[in-house]
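Here the protein sequences line up with chains D and Y, keeping their order. Going by this note's numbering, 91 is the number at position 91 of the first sequence; the sequence numbering is gapless. Going by this note's numbering, 64 is the number at position 64 of the second sequence; the sequence numbering is gapless.
To be clear, the hints were calculated from the coordinates, so they are not data collected in a lab.
Computed list of lysine to any residue pairs in SDA-like fashion (alpha-carbon distance at most 20 Å, straight line): (1) Lys26(Y) with Gly58(D); (2) Lys26(Y) with Asn100(D); (3) Lys9(D) with Gly40(Y); (4) Lys9(D) with Ser39(Y); (5) Lys26(Y) with Met41(D); (6) Lys9(D) with Gln37(Y); (7) Lys9(D) with Val44(Y).
In case you want the letters, here they are:
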Amino acid sequence: NAGVTQTPKFQVLKTGQSMTLQCAQDMNHNSMYWYRQDPGMGLRLIYYSASEGTTDKGEVPNGYNVSRLNKREFSLRLESAAPSQTSVYFCASSPGQGLNQPQHFGDGTRLSIL
Amino acid sequence: SQQGEEDPQALSIQEGENATMNCSYKTSINNLQWYRQNSGRGLVHLILIRSNEREKHSGRLRVTLDTSKKSSSLLITASRAADTASYFCAEGGSTLGRLYFGRGTQLTVWP
Numbered sequence: 001n002a003g004v005t006q007t008p009k010f011q012v013l014k015t016g017q018s019m020t021l022q023c024a025q026d027m028n029h030n031s032m033y034w035y036r037q038d039p040g041m042g043l044r045l046i047y048y049s050a051s052e053g054t055t056d057k058g059e060v061p062n063g064y065n066v067s068r069l070n071k072r073e074f075s076l077r078l079e080s081a082a083p084s085q086t087s088v089y090f091c092a093s094s095p096g097q098g099l100n101q102p103q104h105f106g107d108g109t110r111l112s113i114l
Numbered sequence: 001s002q003q004g005e006e007d008p009q010a011l012s013i014q015e016g017e018n019a020t021m022n023c024s025y026k027t028s029i030n031n032l033q034w035y036r037q038n039s040g041r042g043l044v045h046l047i048l049i050r051s052n053e054r055e056k057h058s059g060r061l062r063v064t065l066d067t068s069k070k071s072s073s074l075l076i077t078a079s080r081a082a083d084t085a086s087y088f089c090a091e092g093g094s095t096l097g098r099l100y101f102g103r104g105t106q107l108t109v110w111p
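The following block holds chain D by itself, in its conformation from the complex (with noise of 0.2 Å):
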């Protein structure tokens, strides 16, 4: 079982490049989840999408887009990268039937922007 995976797992990116990160998961969940993860500061959400077709901004959205491709695949899209987005990035995905539901992750995508 794959459960959610993330590509790439490392990227270098000059700033103002584009870029989207992929994920995917396989549990037939109907919630997916962006983070981002700094030093010091813990787990952040970017985007979320409740189910397919729904996406919706979380606490740090700026410089970033989202599009919930199918129920499976949930991409990120940084449009013009800055430092300030060098990050480790991590997919998630829930069931999403109901409130008390524990997230599956990825092992992430490590980003850098020079």
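For this one, chain D is given, so just place chain Y on it according to the hints.
Structure of chain Y alone, referenced to chain D:
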């Protein structure tokens, strides 16, 4: 910010000892979850405790929840070197599926 706080930020113990980590949160919750993160990996769900529960066990893990103090604790008994990881609490509130994570406790267990 709704971000909760774990205490301590770092904990270093010997194998066989117990490890206790605490989490304080700010708002009303529906559930409180604990996750583990090994270095370079994603988070792994450990245990979920609902707001109407006071204690929950899973193997060597024991979680307590005190909603009057807005706090939770995670106890790992008889720690092993393989328990070395960061541990995060996450508040589950009223927004479907959305969690608010704390900054984590770095646990190091020495052989």
